[in-house]
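Okay, here's what each chain looks like letter by letter:
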Amino acid sequence: MTEQKEIVGLTRDQMAQRCALDIHDGSYVNLGIGIPELVAGYVPEGREVIYHTENGLLGMGQPPEPGKGNPELINAGKKQVTANPGAAYFHHADSFAMIRGGHLDVCVLGALQVSQTGDLANWSTGAPGAIPSVGGAMDLIAGVKTVYVITQHTTRDGEPKLVESCTFPLTGLGVVHRIYTDLAVIDVVDGQFKVVELSPGIDVDYVQQRTGATLIPLADT
Amino acid sequence: MTEQKEIVGLTRDQMAQRCALDIHDGSYVNLGIGIPELVAGYVPEGREVIYHTENGLLGMGQPPEPGKGNPELINAGKKQVTANPGAAYFHHADSFAMIRGGHLDVCVLGALQVSQTGDLANWSTGAPGAIPSVGGAMDLIAGVKTVYVITQHTTRDGEPKLVESCTFPLTGLGVVHRIYTDLAVIDVVDGQFKVVELSPGIDVDYVQQRTGATLIPLADT
Amino acid sequence: MINKKVANVEEAVADVFDGATVMIGGFGEAGSPIELIHALIDQGATDLTVVNNNTGSGEVGLAALIKAGRVSKMICSYPRSTNSTVFPDKYRSGHTELELVPQGTLAERIRAGGAGIPAFYTPTAVGTPLGEGMEVRTFDGRQYLMAYGLTADFALLKGKTADYHGNVVYNKTARNFGPLMATAAKVTIVQAASVVSIGELDPEVIVTPGIFVKRVVAVPDPQHESTLVAAGVSYP
Amino acid sequence: MINKKVANVEEAVADVFDGATVMIGGFGEAGSPIELIHALIDQGATDLTVVNNNTGSGEVGLAALIKAGRVSKMICSYPRSTNSTVFPDKYRSGHTELELVPQGTLAERIRAGGAGIPAFYTPTAVGTPLGEGMEVRTFDGRQYLMAYGLTADFALLKGKTADYHGNVVYNKTARNFGPLMATAAKVTIVQAASVVSIGELDPEVIVTPGIFVKRVVAVPDPQHESTLVAAGVSYP
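Chains as they are written, first to last, in our numbering: chain A, 942 to 1162; chain B, 942 to 1162; chain C, 4 to 239; chain D, 4 to 239.
Be aware that a few hints might be false.
List of simulated lysine to aspartate or glutamate pairs, EDC-like, C-alpha gap at most 16 Å [said to hold, decoys possible]:
#, chain 1, residue 1, chain 2, residue 2
1, D, 163, C, 50
2, A, 1086, A, 963
3, C, 217, B, 966
4, C, 189, B, 1046
5, A, 1135, A, 1146
6, D, 217, A, 966
7, B, 1135, B, 1105
Because the hints were derived from the structure by calculation, they are not lab data.
Turn these sequences into a full structure, and let the hints steer you where they fit.
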């Protein structure tokens, strides 16, 4: 009797950990809300990474100990944080000068959809009656040097999030460099999705079936 | 034997003193190099005026006592100054945001020529071979709410400095509100020079003869 | 003599008029001038255009102003926040119009307004729904959108310490939009936990020089939005 | 670990290349990084485009760099200063080109370059010779000129105190163009009288956050231009 192989892919923490491997020592990084926030917990030994939060802090640290928070020291998700030694506070125009001016090395964002040309949709489903809210997402992807996306490979309903072209309202055009999903690490190269790495126990056909565009498999690279 | 009346007009200090009368309590003021600098010494009793120097200081004070200066605390003329209590330092973009954004109430400048439409020429004679230098003059007259000029009524050669239209390269178009000369106080109103006040012992004909445009005399106003 | 201190928040906001554009500092609760906003609710001005990153939380501060029906238009980047329950109704009923602006473009538009810059170009939002209707221009082979400077009649801000000349320092991430809005409003009003004598603030560390500030008012123990919301407070 | 401190000024400027655009901080002598400039003279890079408010004084610092023939173009607002005797010759002989920019437009162009803004509109210089050739556009009935963002390969700046992350605070009016240029150069190099450990600078008072700075170098007793000029020093 053979054991049925259960395909699960990476957990949220594993995706964050995989992404953290690609963030170099000395990088200035902005992490989006959700899975991207977990990346901060997985910086490899020996690397120092400085976190930027667009509401005016460079050198953001971990959440405060319970009861020790300050309602005037928060992150872009409006959660209480701390400031590391070497931190600096500044106003919103200076903060977005860092972003728009290309001074941040990496941002890591969530996604509703990513197209094979690197378009990102992550701010609105375009549903009627929804309250549209964009925050700093469009600024980040327009300005930060390298844009990483961490996302489940498909929606809860099994719909592909990696697609030929986005159907949701765009956050930006041609901006995503690399995507970390539960199933694979995928680069956007010359208008195509290129598989860089498969999660343990996952084969490329399995990923292709769950992707809305043609993948360039590992073997061809 | 009648005494020959000697016509002299106001001294440099008297011109500055006259100008100081028109600067209201609580004003934020930028003073140009030369006679305008003297205005700071004549603020009437009971008024508080805050001086801005475009190289990054609001709350500029008097020159330091001899030997007590700091080469890193200077004014726009690169002379050593002091900072009054309540002063603030800021960078050049913030300093010119104050100027361009219309936050300064008054600037007082020197002039080569002023036209009857309020054009000012004060940065270049346009002489061949001269090294053109503009500094902050064009920014000041484009941004400050009220622009005063203090100048001798004529050049050393007796040529009028108040003219129908400037022949020297312009600093700005239609920007001057009031001119303080050794002979008169003159407003720019609707494209004409209007005499507001004559210096003691000076009559309007005397001023008109030394002016390169038609004056609206006091009597007609 | 220059003394910009006024006696209380009521006096500070007394001249806000119907139809005014009011910039309100704060990112979420950090920097939100709750006491000034509550004074504005009491004062009664209506048909306001409000500029803030968000739309408030619970039924206090900015959310209470919206709930009271005083806001006919919001200019903000992120109206949909946790506990932001008031704005959706006013938006869907058509009472409150929404101008949605990316956060960095919003910040830069306010800075530009204060700095006498009528318009600038930004790469943010190119090719997106928020770039629709904006002028597109190419520099060095890349597309940019033209954005306009933004100014206001009033700004209501929260500082940490102010002095009688209107110099202000802020507290941590409560700084956010404050220094920008201070420059962009005709009448900038700052509440600060303490208002100190001239010369007590170090000229090297002042964030908002007094030239940008018209009035300061001491609010020694400012309330925190999250505390009020958790306690279920509804203003007034 | 992040440690931006380099051993000396020679190492700090070692990679400046021929033809580079170099922003140099300072307004007159206040904020002029004389030791870094002298190291650049020794280093030998030439055909430089230099951005500074002035053109130096006497035959030290920036004036010495110009005198050595290394500057093919100056972008500045006020080349004609007391003791500015070197530039006029280089300008008249055609060795050094001049781009004259009003001071506020120069400052804003540098800020824009650092902030990812390719162009903006300004009322300064409308109708003057310095506005010739610039695009004119009317907003709200007033004319403005379009000015472009300005960036550089290197910035040489003088701070008061820096830390190992590259955070910088300045001294009085020596701040001037420093915080702007720090943002607009690919490689920003700061000399500071002291370089301190991480955490020694208060996060509330840092003027240039470390993200903008590539290298810091300690120059404990920086020379003052006016002292050198008065002493008749000619570098090298």
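How the hints compare with the structure:
1. D:163 <-> C:50: violated (49 Å)
2. A:1086 <-> A:963: With a Cα-Cα distance of about 14 Å, the restraint between residue 1086 (chain A) and residue 963 (chain A) holds, given a limit of 16 Å.
3. C:217 <-> B:966: Judged against 16 Å, a Cα distance of about 14 Å means the pair holds.
4. C:189 <-> B:1046: OK: residue 189 (chain C) and residue 1046 (chain B) at ~13 Å, within 16 Å.
5. A:1135 <-> A:1146: Between residue 1135 (chain A) and residue 1146 (chain A) the Cα gap is close to 13 Å, so the pair holds against 16 Å.
6. D:217 <-> A:966: Satisfied, since the Cα-Cα distance of roughly 14 Å is no more than 16 Å.
7. B:1135 <-> B:1105: Answer holds: residue 1135 (chain B) to residue 1105 (chain B) is near 13 Å, not above 16 Å.
Checked against the numbered hints above, the structure violates only hint 1.
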